[in-house]
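The residues making up each chain are set out below.
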Amino acid sequence: MSFFLFMTDPAIATAPIALPSDPATDAPLAIFYGQSGGPNIYLADTGARDGGVRFGLIAKSNPLAPGGFGSECVFTGCYVAIRHTMAVTVRLTPFIDGMELTDCRTSIALPAHASPQRQVIEVGWFQNLRDPLDTSVVVARVFPRGAYAQLLIETFTDDGAGGLRPGLETGEFVVETAELEYEVVRETRSAEPVAA
Amino acid sequence: MSERPRQRIDFGLGLDRETGVGLVDPVTFEDLRNVDLTPGRLTARRGLEARTALSLGGLGVTPMTHVVAVHALRAVGQSLFLGYENASRKLQVFSAASTGLNPVYRAEWGILGADAGIPQVMGVESKGVVLLAHSHADLSKRLATQYYTPATGVLAGLTANLDNTTAKAVKFRGVAAHLDYVIGWGFGTDSDADRPEIVRVNLPGEPLTWRPEHYWMAGVRGEPVVAGLALRGTFLVAKENQLYLIRGTSRDTFGIHGPIDEYYGFAGSHLGIVVGGTCFFWSLEGPRATEGAASTDIGFPLDLGGPRPEDLAASGALATGFVNYLPNKQVVEFIFGQRAYVLPLRARKQPTWSYREFGVELRCAGLIFVGSGTAAPAGYPDITTLVKTASTVTVPWDNIAPVVGDETVELWLKVGAGAYAKVRDLAVEAGVTQEETLTSADGITPGTLCKVALRFRRGLSFTAGYTSTNPDDWPVASRASVTTDAGATAPTDLFISDAQIETFGPKSYLSFRFTIGRGEFSLGSLSEVLSTTSATPPTADALPLWSGSSSQTVTDFIGGYLQQPTPSYRWFWVRHKLSDGTPSAVFALAENPVDVSSGWAL
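Chain order of the listed sequences is A and B. Going by numbering that gives the first Met the number 0, the final residue of the first sequence carries number 195, and the count climbs one at a time with no gaps. Going by numbering that gives the first Met the number 0, the final residue of the second sequence carries number 601, and the count climbs one at a time with no gaps.
Keep in mind that a hint or two might mislead.
To be verified - Cut-off 25 Å, straight-line C-alpha distance, at most; resulting in silico cross-link-like pairs (DMTMM-like, lysine to aspartate or glutamate):
no., chain 1, residue 1, chain 2, residue 2
1, B, Lys348, A, Glu178
2, A, Lys59, B, Asp191
3, A, Lys59, B, Asp555
4, A, Lys59, B, Glu309
Unchecked claim - The calculated label-pair distances, taken between Cβ atoms and stated as ranges, are:
no., chain 1, residue 1, chain 2, residue 2, range
5, B, Pro326, A, Arg117, 24 to 30 Å
6, B, Gly19, A, Arg90, 24 to 30 Å
7, A, Arg104, B, Asp472, 43 to 49 Å
8, B, Gly304, A, Arg140, 40 to 46 Å
9, B, Arg7, A, Pro131, 34 to 40 Å
10, A, Gly159, B, Ala539, 41 to 47 Å
11, A, Thr101, B, Ala136, 46 to 52 Å
12, B, Gly247, A, Arg90, 35 to 41 Å
Hint data in this document are derived by calculation from the structure and do not stem from the laboratory. Glycine included, each C-beta is placed from N, C-alpha and C at the ideal position.
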């Protein structure tokens, strides 16, 4: 190819750089990634999928043991403050003493908003006590008890077949704070009274 | 009833997988993925959008297997990509608009050895050129260092006279900018090439001029320098397990010091970055940081030696990982295939990490302009009326907006009962009607139905509705067909009507006069007599022995052929050719083959 052709290459000569329409939010520079195992060049920080592949948010807190690890607490629920424009399903799952409490798992479908909306999700945690002879029968519901608790926050989107799978949608989803509510019911194993 | 107490979890504090459960702060995280951490909050990260794609030779047919480098060419407002294709093992260079759209193939750097693996490339822009080094530890598998000149689009090999003989090819393992210099490492001289500990510096402001005596040796001979980075006015030289520092600003004051860190270096050539005067790097033991002295551990919250979340995305190889800084988020990312470790730098007293799981494997990154545009073109070519002759089809079309100017127009052709095939890649010209003429070289033949189709391509992306490889699936506006004009009628007879022998000294020569039986006469058309040395008819582009108006049915004498004892045979043919150059089929001489060496009796 000749020098002349290079100099007049329209791909180089005419492609525009659009200046940011909003300097506060539109970055004129951005990271581009090169793919391994494929030919694509990706623009970072755009959309809600990686080259069409979904990904979800996962946040699992470290153990909270309000009364110490030799104590017993009831964990009665959680409050999660979020800000979002994204239509997404948030799933909150408590872990008590390392065990995932599926009875207490809560999914909240958030609608899309044009501008960011703040809301606090309040979830009470109840564990089902089931009839040992027929586990489909719930005989009572109690607050979960244990020494320590963790909170798992995940996001899901519609999988197109009526179900959910980990994912995010276009827009903003921010978790601003969370609180775990508890009550220490037994600080430690009580000493036996000494007989007179 | 009194209120129950609550424990607040302040988001933004990141992972802590190292601290024991008795001491761990409950507001840190055991698992944290795909988030951007800022003080007091946690934001879901955004995704990656395919902007464009590379294909072998830029032809849009064979996708490159890996994108191995993304560079901004700020001096000229362009960007540079390097792609590698596994099957051919070709490493190729592409340039693109500053927005990264529609890379244009520029040159082939080379073909890697079968066992060289997927290449890693280091590049540095300096004074109108970009030096490119193939970062392979084994010199025998390393491609020679190249420099790309954006102004001309030419890729050329870097040469230097480093052993006081003549200029020879240079094979740096890496290159980096420092002050007004380019620093290259991993190469001795042409006669003593495998010197991985040598670090060379060019003449200031002259990226193509390297002097033999301008070098340092970093540590023990034979222990390779892996990477180098400018750091706080010095230059940090990294081996796998040591760090050195080059201080000074000119040849008079330059000197290498160290090791400043005796135990930790870079685990890979692309695993170090300087942000705000601190070098963040991934050592063989995990992430660390240095400001020019012994490095400190910043990766302890990750507990890399311990178990990780069981379903965390698989990690790529350590040595092929890379580090990247996102200026808008102020985070450093260490990326290994699909898994990344992310370190925000906003006002932290201690390192705050999270994981990132990418949906695709990543290999490199670069900071270039965003600009406007999309991966796929949005406009399309609209074919207007085709213009035909017997052997040509001219395809005119309008480029329907939006047309940015970086699209490629693909022209496809189907002749008769054949299949569609792409015959042209053309640069789009926005706002004008373009046309392209197909000829017999493209397979156009007289009296044949020719179908043509057009579409826009940008990288490997097409306008919506045009992605099929069968143009019959594309929108109607993109297609048209025409039957070419009938060709010339072939002559109906050819015979030798006369022969003569001419003698020049001891040699005699035989020549012939032919009579042509023309079937049909067309004004301006020609009759052509051709010969071959076998029974295979001449091709359409074969040169004639004689050419004359097709109104002329008797030729001039054609020859002469030397008379000799050894037999020599010729096959004679005649054809007509229309005024537009379209030839008819050939008609064979009834007497074929003719022994032209031993006289001829009518």
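Status of each hint after checking the structure:
Between Lys348 (chain B) and Glu178 (chain A) the CA atoms are separated by roughly 24 Å; this keeps the pair inside 25 Å, and the hint holds. At most 25 Å may separate the alpha-carbon atoms for a hinted pair to count; Lys59 (chain A) and Asp191 (chain B) exceed this at roughly 56 Å. Between Lys59 (chain A) and Asp555 (chain B) the alpha-carbon distance is near 97 Å, which puts this suggested pair outside the 25 Å criterion. For the suggested pair Lys59 (chain A) and Glu309 (chain B), the alpha carbons sit about 13 Å apart, so the restraint of at most 25 Å is met.
Against the hinted window of 24 to 30 Å, the Cβ-Cβ separation of Pro326 (chain B) and Arg117 (chain A) comes to about 28 Å, which satisfies the hint. Between Gly19 (chain B) and Arg90 (chain A) the C-beta distance comes to about 29 Å, which sits within the given range of 24 to 30 Å. For Arg104 (chain A) and Asp472 (chain B), the hinted distance range of 43 to 49 Å is satisfied, since their beta carbons lie about 47 Å from each other. Between Gly304 (chain B) and Arg140 (chain A) the Cβ separation comes to about 42 Å, which falls inside the hinted range of 40 to 46 Å.
Taking the beta carbon of each, Arg7 (chain B) and Pro131 (chain A) are about 38 Å apart, inside 34 to 40 Å as hinted. Roughly 56 Å separates the CB atoms of Gly159 (chain A) and Ala539 (chain B), a value that falls outside the hinted 41 to 47 Å. At about 50 Å, the CB distance of Thr101 (chain A) to Ala136 (chain B) agrees with the hint of 46 to 52 Å. For the pair Gly247 (chain B) and Arg90 (chain A), the beta carbons lie near 58 Å from each other, so the given range of 35 to 41 Å is not met.
Figure legend: structure checked against the earlier numbered hints; hints not met, in rising order: 2, 3, 10 and 12.
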